[in-house]
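Using the sequences and the hints given, assemble the complete structure.
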Amino acid sequence: MSLAACLRGNTLTVRVVPRAGKTEFAGIGSDGVPRIRIKSPPEDGKANAELLAFLKKELGRKFSLVSGKAGRLKTVRA
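In our numbering, the protein residues as written are 1 to 78.
Since the hints were made in silico from the structure, they are not lab data. Don't take each hint at face value.
[Claimed, not checked] Derived DSS-like pairs: lysine-lysine, alpha-carbon spacing no greater than 25 Å straight-line:
#1 K57 - K46
#2 K56 - K46
#3 K22 - K46
#4 K39 - K62
#5 K62 - K46
#6 K22 - K62
#7 K39 - K56
#8 K56 - K69
#9 K22 - K69
#10 K22 - K56
#11 K69 - K46
#12 K69 - K57
#13 K57 - K39
#14 K69 - K39
#15 K22 - K39
#16 K57 - K22
Written as structure tokens, this is what we have:
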């Protein structure tokens, strides 16, 4: 399943794995939530900014964070 297929309307819920070797879509977890590995550490909003930039590059839409600012489970909206 692709990341685009997980998009529900304009909303997407993802599980973020910070401090990864590289930023990439890592598939769908056992809970059905897409996993995205992020190279940046989860400090000062760096991982969130990198997540939003990655989603814009991959899906061609600008996203904003709706929930999960300090957690690994995040909801974003286009």
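Tested hints:
1. K57 - K46: With Cα atoms ~17 Å apart, K57 and K46 stay inside 25 Å; holds.
2. K56 - K46: holds (16 Å)
3. K22 - K46: Holds, at roughly 14 Å.
4. K39 - K62: Holds, at roughly 20 Å.
5. K62 - K46: Given pair K62, K46 holds - Cα atoms ~17 Å apart, limit 25 Å.
6. K22 - K62: Answer holds: K22 to K62 is near 21 Å, not above 25 Å.
7. K39 - K56: Since the Cα atoms of K39 and K56 sit roughly 16 Å apart, the hinted pair holds (cutoff 25 Å).
8. K56 - K69: At roughly 18 Å apart (the allowed maximum being 25 Å), K69 and K56 satisfy the hint.
9. K22 - K69: holds (21 Å)
10. K22 - K56: holds (17 Å)
11. K69 - K46: Holds. K69 to K46 sits at ~11 Å (cutoff 25 Å).
12. K69 - K57: holds (20 Å)
13. K57 - K39: holds (15 Å)
14. K69 - K39: holds (17 Å)
15. K22 - K39: holds (5 Å)
16. K57 - K22: Status holds; Cα separation ~15 Å.
Going down the numbered hints, you'll see the structure goes against none, and every one checks out.
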